[in-house]
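Student: Per my numbering, the sequence shown starts with residue 4, numbered consecutively.
I should point out that these hints are in silico values taken from the structure, not numbers from a laboratory. Incorrect hints may appear among the rest.
Below, a list of computed lysine-lysine pairs in the DSBU-like style, where the Cα atoms sit at most 30 Å apart [stated by the list, open to error]:
(1) K243 x K199
(2) K243 x K230
(3) K551 x K797
(4) K360 x K483
(5) K191 x K607
(6) K745 x K761
(7) K360 x K317
(8) K492 x K405
(9) K607 x K243
(10) K201 x K317
(11) K185 x K230
(12) K449 x K276
(13) K230 x K199
(14) K360 x K455
(15) K365 x K201
(16) K360 x K230
(17) K498 x K276
(18) K322 x K185
(19) K162 x K185
(20) K815 x K770
(21) K797 x K770
(22) K405 x K365
(23) K516 x K434
(24) K162 x K276
(25) K449 x K483
(26) K551 x K201
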Amino acid sequence: MRLSKRNVLINVLLALFVFISFYLYGVFDAVTDEKRTELLRHQSELRKLKSQVHSLEKKLRGNAEAMRTIREELANSEQQRKNQEIQKDNAIALAIENADNVLEGKLNAEMQDEDSRDAGEGAAQLPIPRNKVAIVHEALTGLSRREQCSAMLNYSSAKTDVQMLDMYKIIPFDNIDGGVWKQGWELKYDANEVKKEKPLEVFVIPHSHCDPGWIMTFEDYYQQRTKNILNGMVKHLSEKPGMKFIYAEMSFFEMWWAEQSEGTRQKVREHLKSGQLEIVTGGWVMTDEANAHYHSIITELFEGHEFLQNNIGKEFLPKSHWSIDPFGLSPSLPLLLSEANITDAVLQRVHYSVKKKLSETKQLEFMWRQLWGGSDARHDVRSHLFPFYSYDVPHTCGPEPKVCCQFDFKRLPGGGVTCDWGVPPQSINSKNVEQRAFMIYDQYRKKSQLFKTNVLLIPLGDDFRYQDDFEWNNQHDNYKQLFDYMNAKTEWNVKARFGTLADYFDALDASLKEDQQQLPVLSGDFFTYADRDDHYWSGYFTSRPFYKHMDRILQHYLRTAEIAYSLAQIDGGNLDDEVLPKLVEVRRALSLFQHHDGVTGTAKDAVVNDYGEKMLSALKRAEEVTTTSIASLLDKSTQISMSFDEFRAKQDSLPEARIFEADSSLLLFNTLAHSRAEVACIQVASPNIRIKRSDGTTPEQQLAPVLVHRDGRIQAQMGRFELCFWAEIGALASEVFTLYSKDEQSAAELVLVKGSAKPASLDHFFKFEQSSGSVELANTLVTAVFSGVTGFLKEIRLASGEKMDVNAHFVKYGARPHGSLRNGGGDNLSGAYVFLPDGQARPLEVTQPSFVVTEGPLMKRILATGPNDGKLNQLYSLEKESYSIGIRNTIDLSNRPDNIEVALRFETNIANGEDLFTDLNDLQDKLRLCWIAERNKMITEGSSSP
């Protein structure tokens with residue numbers, strides 16, 4: 004029984020074992036099948052990857068071969084280019100050598116001819132060849148252009164379609180009455196042909212021109228006008244998604260931005276990002292282009308762009324330039340703007356006859372190139388010129404101002420502005436929209452006939468526009484109805500909408516590319532501007548010369564302060580946190596004055612005084628920045644007190660020299676990047692004071708009286724003496740000198756005083772000689788000859804023997820009375836803007852001439868009393884080892900009842916023919932053709948240049 008149970012148990016266990024074994028085997032077998040399947044799948048993918056790798060390796064081998072081929076071709080091309088350059092250089096060198104040989108032959112022949120003539124006349128000295136310019140010209144014109152110097156080639160043959168000097172030769176300047184477009188002609192279009200053309204793309208661009216000082220001061224304009232404009236901009240662009248706006252002057256924008264919440268600032272960024280708002284130019288002001296120095300233009304442009312980049316975003320830096328109010332346009336601007344990555348420009352104030360000529364040839368849009376640009380387009384700026392009289396709404400929608408004025412909805416009843424033509428605008432509604440839409444569409448079509456493409460720019464604004472909700476709402480709502488109606492008229496074939504300059508130039512790009520057109524290339528400038536008849540805006544070239552001079556002094560002070568501050572920072576100077584804000588104040592004061600009603604001298608008296616106060620404060624801040632920075636460089640452990648050698652008591656007073664005492668120190672700072680050796684002069688309190696270097700050595704020096712013209716005669720100032728000395732300072736370096744008292748006078752250090760009469764109060768130790776005949780001031784390089792009667796400059800002789808007549812004297816122009824113009828318009832008086840003389844210049848007589856000369860080894864001066872009319876006097880200066888003769892004129896025209904212009908005239912024997920070169924922005928010289936002005940009866944006002 005027990006055995007049987009055991010057998011049964013064994014059998015059960017055995018059966019259970021077999022069952023479990025089979026079960027486990029089945030499970031393991033299933034897992035193995037899954038793994039096998041997975042393995043096979045991986046193996047398949049691996050084979051695919053290997054195949055792809057092999058394919059890529061094959062392609063890489065092919066690419067490597069192609070790269071080797073390209074590199075070989077590039078190397079060959081580079082070698083060919085180098086060979087061509089070598090050949091070109093050799094050709095130029097050979098051409099120059101040939102030209103020299105030709106020139107030498109011509110000169111020898113000319114001199115032989117002169118020798119023969121002089122020998123017959125018994126002359127023993129070989130004269131300088133006459134007609135030297137003609138000989139050089141003939142030698143050069145005998146060569147092909149490829150043989151001439153490459154620099155001359157690029158300058159003299161800027162590859163352009165329009166050269167302004169050539170255009171001036173062919174413009175009749177006849178000022179014919181053109182009808183509704185008084186300075187043009189009747190514009191027409193074919194309504195049937197319109198249907199076949201590309202759609203007319205119209206961009207209406209709302210804008211507001213904000214002068215940072217003109218009738219009101221900068222701050223008053225901001226508080227009363229510009230602040231409201233910018234507040235309205237944020238509000239109405241947010242409420243009106245289809246509305247757009249452009250803005251230019253960052254001086255106002257920065258002031259407004261500082262007052263805004265972060266929420267408002269973010270809205271501005273959103274409007275910029277969406278394209279509803281565009282910052283154009285982005286300079287601190289809309290700079291003048293005639294009187295402004297290029298360094299100051301860069302400063303105001305930099306100040307505005309730095310504000311934008313630091314506060315709003317680098318991505319919003321401008322690409323378009325907006326210059327609608329400066330009184331004439333300089334090619335220096337497109338050069339500087341192109342360096343600021345600005346590629347497009349919109350321009351306005353150009354002579355009406357030039358506008359008409361460019362309109363006739365459909366060249367109002369052009370690539371503005373530098374005269375030296377050759378075929379290099381890197382500095383070209385694509386420019387759009389308004390064709391009509393002004394930038395206001397009546398003169399921008401089309402050729403008929405009476406019609407266009409009716410579409411300036413600021414002039415609706417209640418807007419505070421009316422139309423000069425007696426027909427007011429109408430609010431647009433369903434009853435009049437058809438008729439009113441056609442009226443404005445008709446103007447668009449007529450204006451489009453003046454341009455090459457189907458893209459049209461229509462400004463919608465004026466000075467200080469969009470100040471209130473009334474204008475924002477009425478301009479937007481009425482134009483929206485007009486756009487909707489005209490865009491729905493398929494037979495009109497037009498698409499009109501609000502836009503920005505970016506929108507316009509993008510569309511212009513697309514149109515030019517689609518039509519495979521290129522804009523013409525233009526070179527030259529747009530001076531002198533006239534808006535009608537003979538109203539040439541050349542008066543502002545010389546208006547308020549005192550402040551123009553103050554502008555240049557501030558520019559010099561700013562540059563000095565910037566260099567000193569930079570050197571101190573590099574050297575690790577311990578400058579406090581107040582120094583940089585002072586430097587910014589100087590930059591912004593200079594930048595503000597570059598406004599086209601600032602440095603031009605065209606603002607009201609109170610505004611000019613405000614500019615003067617700002618510049619006076621900036622001069623003081625520049626002095627503080629410079630002296631603090633240099634003190635830091637000299638001694639970082641102690642505070643050194645320094646001041647400049649001159650100061651101004653008031654904004655409208657002339658600078659006064661500080662008087663140095665014995666035992667004081669003088670520091671000369673060379674702000675230039677090259678060493679300088681020249682004469683420096685200061686005023687000292689005693690005739691015994693002399694100067695020595697830091698090493699104890701004494702430089703060459705001289706002592707002279709300080710002469711002034713006072714109470715009708717020349718006097719020596721009591722207790723003031725001029726100490727001049729020779730200084731040699733390295734690049735961006737400084738040197739300290741010490742003033743000390745010397746017991747004995749040295750006659751060699753005292754200047755000789757001579758003249759028509761002995762100056763009053765002249766100290767006894769200065770020797771005086773009575774002059775007789777002409778007076779000469781000379782150094783080793785040049786001799787200046789002055790009249791023995793008036794003391795005015797007569798001629799200049801170089802050490803080489805060349806002589807130039809000068810014959811300096813003063814003349815005056817009177818102002819003509821009011822009169823009617825040929826085209827029926829109103830006349831203006833000669834003044835701050837316009838120069839309208841009453842005839843040719845008349846000499847200013849010197850009724851009581853007198854002059855005094857101070858002559859020393861380093862500095863020679865002559866002070867001459869000029870005409871009594873204007874309290875004029877002249878100071879000439881000639882330094883050691885200098886070709887330059889300094890001329891300083893002082894005049895007082897205050898409290899005069901008459902309106903006159905005073906000029907210093909030189910009558911020379913320079914054989915320049917019809918050509919005259921004048922400076923532009925201290926950046927370039929510009930050729931003027933005098934005969935063009937004479938032919939068109941513009942001898943004075945039209946030929947005056949900045």
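Student: What are the numbers of the hints the structure violates, in ascending order?
Tutor: Numbers 1, 4, 5, 7, 9, 10, 11, 12, 13, 16, 18, 19, 20, 23, 24, 26 - these are the hints that the structure violates, sorted from lowest upward.
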